[in-house]
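*Asks:* Full structure from sequences and hints, please.
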Amino acid sequence: MRIVVLTKPVPDPASGQDRLGPDHRVDRAAAPAVLNGNDEYALEAALRLVESHGGEITLLAMAPATAPETLRKGLAMGAHRAVLVTDPALAGSDIRSTVGVLAAALAGLEFDLVLAGIDTSDGFAGVVPAALATLLGLPLLSNAAAIEPDPAAGRVRVRRIIQGGYDVLEAPLPALVSCTQALGAPRYPSLKGIMAARSKEVAVRSLADLGPTRWPVGGAAAATAVVAVDPPPARGATRTIRASAVEAAREIADFLAARRLLP
Amino acid sequence: MSGRVVVVGEVVDGRPTRLSTEVATLGRRLGEALGRPVVGVLVGAGAGEAGASLAAYLPEVLTVELPDLADLAPAPRVAAETAALVEPEDGPILVGASPDGRDVAGALSVLLDRPVLANAVAVEAGPEGPTAVKTIFGGKLVVRSRFVGPPGIVTVRPSSVDAAPADAPGRVVARTATAVALGPPVRRLERILETAGEVPLEEAAVVVVGGRGVGGAEGFALLEELAALLGGTVGATRAAVDAGWIGYARQIGQTGKVVKPRLYLGLGVSGAIQHKVGMQTAETIVAVNRDPDAPLAEYADLYVVGDLFEVGRALVAELRRRRDAGTT
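The listed protein sequences correspond, in order, to chains H and L. All the letters of the first sequence, read from the start, carry residue numbers 998 to 1260 under my numbering. All the letters of the second sequence, read from the start, carry residue numbers 3 to 330 under my numbering.
Honestly, the hints are just simulated from the structure, not real lab data. Glycine included, each C-beta is placed from N, C-alpha and C at the ideal position. Fair warning: there could be bad hints in the mix.
To be verified - Label-pair distances were calculated between CB atoms; the ranges are:
1. Arg-177/L <-> Gly-1162/H: 24 to 32 Å
2. Gly-151/L <-> Gly-1105/H: 24 to 32 Å
3. Arg-1045/H <-> Glu-192/L: 18 to 26 Å
4. Ala-245/L <-> Ala-1217/H: 47 to 55 Å
5. Arg-214/L <-> Gly-1181/H: 17 to 25 Å
6. Glu-200/L <-> Tyr-1185/H: 16 to 24 Å
7. Arg-214/L <-> Pro-1228/H: 26 to 34 Å
8. Gly-1216/H <-> Arg-214/L: 28 to 36 Å
9. Arg-1256/H <-> Arg-322/L: 14 to 22 Å
10. Gly-151/L <-> Lys-1189/H: 47 to 55 Å
11. Ile-194/L <-> Ala-1200/H: 35 to 43 Å
12. Glu-192/L <-> Glu-1107/H: 28 to 36 Å
*Replies:* Structure below.
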């Protein structure tokens, strides 16, 4: 199995330091970058697949030039190599341009499966997997809770989360799967893994290396633009209650009744 | 004729989803504000039947009945048929940000060669055209974005607007399927329903949420009881899901669901940022927690410092008393 895992370095949501710069782009100097949470589930799923079926995992990221440090964690978890598409001209690219770049990068790689997180903690759009699959003509198996490839038969089955249960989907390989937390918790890198990651390859590709992309890239070509950035409307002050359980319960019920929240 | 605002609906069991009716309401108002016609599109098994329901919200709904869609992953076909109904001058194209909606939106962006603004909580008629409003970084910032050039696709988060029917129902126009999805088909072999009929977490008006403090699967029984009394459903933090006390489908937060209920009642929830991103737009937030300094203490409307089981059981008793006395 040759598996490509799409990985996006994002500002660490737990840092509390994530913010936009004056250009309305993510201020990447403000918060430490981490691998996007859902991408770690995708990588964990890939690692388990390679453990049972053999094969190799390539991380693919489109990110600033500082990204190798972030990708190193994925390599320490067990990915075999990484491909980083980085180019100053990519800064400010919108979702569609990003899809075009990832597609061009994938065209230069050999794979049976492409795994991606269902969405990212910074943008939360969740449309890249479907757009990428459509552009590449790959079958899309989204919202995966389990992935069962049958490389000999050239097909993959996925349990797709739907409201109230699952669909069992099947498609021929190669295919693109978007991954959820239900696939299982990502492992921590072992010391051995961390040591090994130091010598693993992070191949850096510029736009020129990729060749033509489907859509123009960069901020100047973006088909969407930020108009305004504001703080959210303030919530009211918090009322804190320290009382006996019975009194607290009465206070809660009064509060809910006053807000017409009791049935 | 100027381009139409297009609302892409979603059919489940012969009905438009609630999110579809919300997006239709948003689309109708946006069309009025922009001075443009609005049209709904429903594609799938049962689309014809669902069209009449969606037409309560829109002046016109185009339906494409696809009975064989039951055996396929729907998004590629829905996107292909939708793309065939969209004229070059149409836009923006509004799609609900459900799992299927995101897949449809992503595919449409390629098929129609249109940009995407994702996860909007509102779409305004700005001076330079439709403007999508979204929050980023877990609600720390509100960002307004527009399209440069022709309007593209906007995905709309659940519970962003209250669905409201139009003054008069619109007409339903059945269209014939014409398009072919790109790429090899994804076949659906089986559907396994475990909790069919349960209110989707994203649609619940009241969500009673348990965190690490609940301590175990049995602890969630109290939350179920409270949820039943409040007319709501149960949710959980990632810690509770990771511990195996409740299923992933119930998880609220960064790698789970985003909810916007009228009431969020958190028991033993600390409210760290990874959870906050999934619930902070709840209209009213009430929390019970032993820790007076948990993050939730800073953004709850009502914060009770106390043992969740003691307060929770007392609340069950109090709610029962009021229900039986009819004093609520």
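*Asks:* State for each hint whether it applies.
*Replies:* Quick rundown of the hints versus the structure:
1. Between Arg-177/L and Gly-1162/H the C-beta distance comes to about 31 Å, which sits within the given range of 24 to 32 Å.
2. Range check, Gly-151/L to Gly-1105/H: about 30 Å between beta-carbon atoms, so the 24 to 32 Å window is met.
3. For Arg-1045/H and Glu-192/L, the Cβ-Cβ distance of about 22 Å falls inside the hinted range of 18 to 26 Å, so the restraint holds.
4. In this structure the hint that Ala-245/L and Ala-1217/H lie 47 to 55 Å apart at CB holds, the actual value being about 48 Å.
5. As the Cβ distance of Arg-214/L to Gly-1181/H is approximately 20 Å, the hint placing it in 17 to 25 Å holds.
6. The hinted window of 16 to 24 Å between Glu-200/L and Tyr-1185/H is violated, with their beta carbons roughly 34 Å apart.
7. Between Arg-214/L and Pro-1228/H, the C-beta spacing of about 30 Å keeps the proposed range 26 to 34 Å intact.
8. Between Gly-1216/H and Arg-214/L the Cβ separation comes to about 42 Å, which falls outside the hinted range of 28 to 36 Å.
9. Between Arg-1256/H and Arg-322/L the beta carbon distance is about 20 Å. The supplied range of 14 to 22 Å therefore holds.
10. Judged by the Cβ atoms, the range 47 to 55 Å given for Gly-151/L and Lys-1189/H holds: they are separated by roughly 52 Å.
11. Between Ile-194/L and Ala-1200/H the beta carbon distance is about 41 Å. The supplied range of 35 to 43 Å therefore holds.
12. Here the CB-CB span from Glu-192/L to Glu-1107/H is close to 31 Å, well matched to the stated 28 to 36 Å.
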